[in-house]
Amino acid sequence: MNLKDETMTQTEASSEQQKSSESLTSLAAGALLRHRSGMVGLVITIIIIFMAIAAPKLKPYNELEMHAEDRFHAPSGDYYFGTDEFGRDIYSRILIGARNSLSVGVVSIAIASIIGVTVGLITGYESGIIDTLVMRFFDALLAFPAILLAIVIMAVMGTRRSDTNSFLSAINTTLPAFPAMLAIAVVNIPAFARLTRASVLTEKEKEYVEASRALGAKPARTIFSEILPNVMATLLVQVTVSIAGAILLESALSFLGLGIPLPAPSWGSMLSIGRGYMPFAPWYSIFPGLAITFLVMGLYLLGDGLRDVLDPRRQKLV
Amino acid sequence: MSDITKREVLIEVKDLKKHFPIMRGIFRKQVGAVRAVDGVSFNIHKGETLGLVGESGCGKSTTGRTILQLLEPTEGTVRFKGTDLTSLNSTELRKARRHMQMVFQDPYASLNPRMTVGSIVSEPLEVHNIGNKQERKEKVKDLLQLVGLNPYFVNRYPHEFSGGQRQRIGVARALATNPDFIVADEPISALDVSIQAQVVNLMDDLKSELGLTYLFIAHDLSMVRYISDRVAVMYLGKIVELSEKDNLYDHPLHPYTQALLSAIPLPDPEKEATRQRIVLEGSVPNPANPPSGCRFHTRCAYTTDICKKDDPEFRDMGTKGTPHWVACHHAEQFE
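Protein sequence lines, in the order shown, are assigned to chains A and B.
Residues in the first sequence are numbered from 9 upward in steps of one, following the working numbering.
Residues in the second sequence are numbered from -14 upward in steps of one, following the working numbering.
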C-alpha cells in the first residue's frame, strides 16, 4: 500500500501546513481594503453610522427644543447648521434624522431581503407553475413606480396613530416609522426575489448541487446551506445599493408627508419644509440635502466596491 | 477472471430508458424526445468494476445518473441489492443514497467553493445522521488520510487545492458513508495525464481495501482496460457490446468496438505507423431521431439490408464460460 507515501508527498512542504487557510470571504475583504472608491464609501458609511449611534451624545440641543428668539438663525458657533422656523437646531435634527433614515433603510431592506431571497431561492430551485405565477406577480409589482406603490401602501396602512386596528396602532405607537418601513420593504421584495432566482438558476446547474442531491441531502439543505452561500456575494451588493435606495425613498415619502410622522426629524421632511424658506434660509434644506447625498453616495460607492471585489470575472478568487 | 459473473449481483439494470422531451411553442407541446438512454440492460456484480465507454453524447453519464436516480428513468428498473430503486419514494430514496455514491467529472465544479474540505467530507455523515460531532471529525480525518491527503487540510477551501487533490476530496466524500456502490462519472478526464494514474490507482486500491463496486464511466479506453473487470461499450443510447475486458479488447465482436479500439494509440511507433485504422465516416446521428434498425448502420462498413430494418438482438456469443454480449447481426463473421 503506497497510500501513506503519497500522503507524505502531498504534504511535503511543512510550511504550507502552517499557512492559515483563507476563505473566499477573507480574500474578498482583503481586496476591498485595496479598492479605493469602495474604501471611501465604507468610511463615509461607517462615519454616518457612528454619528447616528452616538447622536444623543453628539447633539448640542434637544432636536425638538424650540428657541423662539433664534428662528432662522444662520449657521454659527452656537448653531453649526443654523436653525429652522421654530428655532430648532438643524445640526441636532440631522443627527437624530440619521438614526431615522438609517433604521428605515436597514429594517425595510432586512424585511425585503429575507422575504425576497427566500421566495427567490425556492422558486429558482423548484421551477414550475408556482415559480411562473410568483414571478409574474412580482413583474406586475415592478411595473408600478416605486414611489407610487409606496404611497398606495402608506395610504392603506395609514400614518396616524388613531387607527381602529389595535395591532396596527400598537405598532404605530412603538415604532412610528413602521408603515414607511413596510411600504419600502414591499417595494423592494420583487428585486430581491428576481435577483436571487436568477442566481439560483445558474448555481443549480453546477455539479456541487447535484453532488449534494447525490449524497442524499434534503432540498431545504441543498437550497439553504449549499446554494445560498454561493449567491450571497451578489445579494450583498444588492443590499447596500437597496439601502441607499430605501433611504432616498424614505426621504421622498417624508418629503410628501407620508414618512416618519412630524415633529420627529427626517431628512426628507426637513428638505421638503426647508424648500419653502429657500430664498432667505438656504441652510434649512441644504444641510439635510447634503446629508442624504453623502450617505447615499457612501452606500453606492461601497456597493460598487463590493461588486468589483466579489465579481469572479474581475477578481480571480476561485 | 471469469468468476466475476458468478458472484452475487449488486446492481441489476433492466431495459433502462431515459428520454428528454423536446418542447415547442407557447403551449410547451412535446414534439419529440432525445433518447439519451434507450433500453439498456446489464448487471454489476459485487466487488466488480464495470467500465462504460463510448463517444461523447452517447448516454454514458445519463446512464450513470439514471441508475442513481439523479435523473428519473423514463422506463425500466434498477435493482440495488434486490430493491427496485425506481419504486422508492423520495424519503426512502434519500436513505438508500447512503449506500450508493458518486464521484463527479469536474473536480472544480463538484466541490462547493464556500465550504471547507472538512464540511464537504462530513456532509454525507451529517445528512445521514451518522455519529456525533466528535466522531464525524475523526472520521473526516481518517477519510482524508485514506485518500492520501493530509488530515490538517480540514479547514482549507477547495480553491487552495490542485485538480488531483480536489478529486481525492471528491472520492473521500463519496466514501464517507461506507457505500457499497460508486458511480465514477469520468473521474479522471478533467485531470492532467500524470495525475490520472494517481487517482485511478487510488480508486483501485480503495476498491480492494473497502470491497467497493464501481461503475466506471470514461472515454479513455486504455484507462478503462486498466481498472475494469468487465467493459460495456455504448453507442447512441444502447449498449452494443459487453464482456470481460481482455476478451473484449482482444476479440471485439462489434464493428463499433473494433473502430474504437483501432483508435487507441500504440506505444510502439513502428506498429503505430503500420497498423490498420478503422476510421468512422460522419458523426453520431441525432439521438432525437435515431436510425432505423441497427443504430450503427449509417457508419458501419459491414451494413447489409437486414441492418437497416431490424434492431439486432443483444445476445451472448461467449465461449468457454466467458459471456460475451453483442448486438450485431454479423457478429459471427468477426469471431
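Be careful, since some hints might not be right.
[Claimed, not checked] Pairs of lysine-lysine, DSSO-like flavour, derived with a Cα cap of 30 Å:
1) B:K(-9) with A:K214
2) B:K(-9) with B:K2
3) B:K230 with A:K214
4) A:K214 with B:K192
5) B:K2 with B:K14
6) A:K226 with B:K294
7) B:K122 with A:K226
8) B:K230 with B:K31
9) B:K192 with B:K118
10) B:K305 with B:K(-9)
11) A:K214 with B:K305
12) B:K305 with B:K66
13) A:K226 with B:K256
14) B:K230 with B:K(-9)
15) B:K118 with A:K226
16) B:K80 with B:K66
17) A:K226 with B:K(-1)
18) B:K66 with B:K192
19) B:K192 with B:K80
20) A:K226 with B:K124
21) A:K226 with B:K66
22) A:K226 with B:K31
23) A:K214 with B:K126
24) B:K80 with B:K14
25) B:K2 with A:K214
26) B:K118 with A:K214
27) A:K214 with B:K294
28) B:K(-9) with B:K14
29) B:K(-9) with A:K226
30) B:K14 with B:K66
31) A:K226 with B:K305
32) B:K293 with B:K80
33) B:K(-1) with B:K256
Keep in mind that the hints were calculated from the coordinates and are not lab data.
Each hint tested on the structure:
1. B:K(-9) with A:K214: With Cα atoms ~39 Å apart, K(-9) (chain B) and K214 (chain A) exceed 30 Å; violated.
2. B:K(-9) with B:K2: Status holds; Cα separation ~27 Å.
3. B:K230 with A:K214: Violated, at roughly 33 Å.
4. A:K214 with B:K192: holds (28 Å)
5. B:K2 with B:K14: holds (21 Å)
6. A:K226 with B:K294: violated (47 Å)
7. B:K122 with A:K226: holds (22 Å)
8. B:K230 with B:K31: OK: K230 (chain B) and K31 (chain B) at ~17 Å, within 30 Å.
9. B:K192 with B:K118: Holds - the C-alpha atoms of K118 (chain B) and K192 (chain B) are around 27 Å apart, at most 30 Å.
10. B:K305 with B:K(-9): Cα-Cα ~14 Å, so holds.
11. A:K214 with B:K305: violated (47 Å)
12. B:K305 with B:K66: holds (28 Å)
13. A:K226 with B:K256: violated (55 Å)
14. B:K230 with B:K(-9): holds (16 Å)
15. B:K118 with A:K226: Given pair K118 (chain B), K226 (chain A) holds - Cα atoms ~20 Å apart, limit 30 Å.
16. B:K80 with B:K66: holds (14 Å)
17. A:K226 with B:K(-1): Given that 30 Å is the threshold and the Cα spacing comes to 28 Å, the pair holds.
18. B:K66 with B:K192: holds (18 Å)
19. B:K192 with B:K80: Between K192 (chain B) and K80 (chain B) the Cα gap is close to 23 Å, so the pair holds against 30 Å.
20. A:K226 with B:K124: Holds - the C-alpha atoms of K124 (chain B) and K226 (chain A) are around 22 Å apart, at most 30 Å.
21. A:K226 with B:K66: Holds: K226 (chain A) and K66 (chain B) sit about 24 Å apart, inside 30 Å.
22. A:K226 with B:K31: holds (29 Å)
23. A:K214 with B:K126: holds (27 Å)
24. B:K80 with B:K14: Roughly 36 Å between the alpha carbons, so the hint for K80 (chain B) and K14 (chain B) is violated.
25. B:K2 with A:K214: holds (24 Å)
26. B:K118 with A:K214: holds (28 Å)
27. A:K214 with B:K294: violated (41 Å)
28. B:K(-9) with B:K14: Roughly 47 Å separates the two Cα atoms, so the pair is violated.
29. B:K(-9) with A:K226: Violated: K(-9) (chain B) and K226 (chain A) sit about 37 Å apart, past 30 Å.
30. B:K14 with B:K66: Violated: K14 (chain B) and K66 (chain B) sit about 39 Å apart, past 30 Å.
31. A:K226 with B:K305: Violated, at about 49 Å.
32. B:K293 with B:K80: Violated: K293 (chain B) and K80 (chain B) sit about 45 Å apart, past 30 Å.
33. B:K(-1) with B:K256: Not OK: K(-1) (chain B) and K256 (chain B) at ~41 Å, beyond 30 Å, violated.
The structure fails hints 1, 3, 6, 11, 13, 24, 27, 28, 29, 30, 31, 32, 33 (numbered hints given earlier, in ascending order).
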